[in-house]
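Q: Counting along the sequence shown from 1, when you hit position 44 you're at 44 in my numbering, and nothing is skipped either side.
Treat the hints with care, since some could be wrong.
DSSO-like mimics (lysine-lysine), calculated; alpha carbons at most 30 Å apart, straight line [what the hints assert, rightly or not]:
(1) 167 / 155
(2) 155 / 22
(3) 167 / 22
The calculated label-pair distances, taken between Cβ atoms and stated as ranges, are [claimed, not checked]:
(4) 160 / 68: 20 to 30 Å
(5) 89 / 173: 25 to 35 Å
(6) 177 / 97: 53 to 63 Å
(7) 110 / 170: 36 to 46 Å
(8) 92 / 175: 51 to 61 Å
I should point out that these hints are in silico values taken from the structure, not numbers from a laboratory. We put the beta carbon where it would ideally sit given N, CA and C, even for glycine.
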Amino acid sequence: MAAAVEAVNVLTPGYALGREYKPEVKDGSDVLRGWSHIKPGATVSDDEIDQLSAYAGELREVFVAVDSGRIDDACERTNDLLRRTQAVPVLARHDDEPWHLHFHATDADWASSWAAPMATALAVVLGNPMFDRLGVCTAPVCDRVFVDTSRNGAKRFCSTACQNRVKAAAFRARQRS
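Produce the complete structure using the sequences and hints provided.
A: Below, the structure is given as structure tokens:
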């Protein structure tokens, strides 16, 4: 699930931390340099980044649908992504690692091999009573997504920085009045 959140927040334009956000794409590996799910030194083509960015835009729509209470829409979009990415469980062994579970076809292209498990993670969340833990930041001028893992399910912000921005603005407003 963390990969889906990170892909949406890194690869989709919008707003973050009170500013307009545009993914900085000089070359494929540039935009993913800080993305923890890509191995250091990995090379990714611009076309592959464009494909994954398109999937990330679709994943964003699932978060937005859940956040606005359109669960049926979120589930239909997720099912469509699962079909198109050919998300299927398969045991794989590579890079001197032991056997482990992947959720993409063995012959999937790079973008689909990332989007399929992200769609699978969304499906797992949407298929249980905690589906409303998917959210979009409520801070002004921020539309980054998050998964609420708090005990009480009351998370409203994508980051501590956005939470602090809102609290500081409320404090300043109280001081003025």
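Q: Against this structure, judge whether each hint is valid.
A: Going down the list of hints, with the structure as the test:
1. Between the alpha carbons of residue 167 and residue 155 the distance comes to roughly 14 Å, so the proposed pair stays at or under 30 Å and holds.
2. The suggested pairing of residue 155 with residue 22 holds, with an alpha-carbon distance near 25 Å, which does not exceed 30 Å.
3. Straight-line distance between C-alpha atoms of residue 167 and residue 22 comes to about 26 Å, which keeps the hinted pair within the 30 Å bound.
4. Between residue 160 and residue 68 the CB atoms are about 24 Å apart, so this pair conforms to the stated range of 20 to 30 Å.
5. Taking 25 to 35 Å as the suggested C-beta distance range, the pair residue 89 and residue 173 does not conform, at roughly 51 Å.
6. In this structure the hint that residue 177 and residue 97 lie 53 to 63 Å apart at CB holds, the actual value being about 59 Å.
7. As the Cβ distance of residue 110 to residue 170 is approximately 44 Å, the hint placing it in 36 to 46 Å holds.
8. Separation of residue 92 from residue 175 is about 57 Å and conforms to the stated range, judged on CB atoms against 51 to 61 Å.
Hint 5 alone, counting from the list given before, is not met by this structure.
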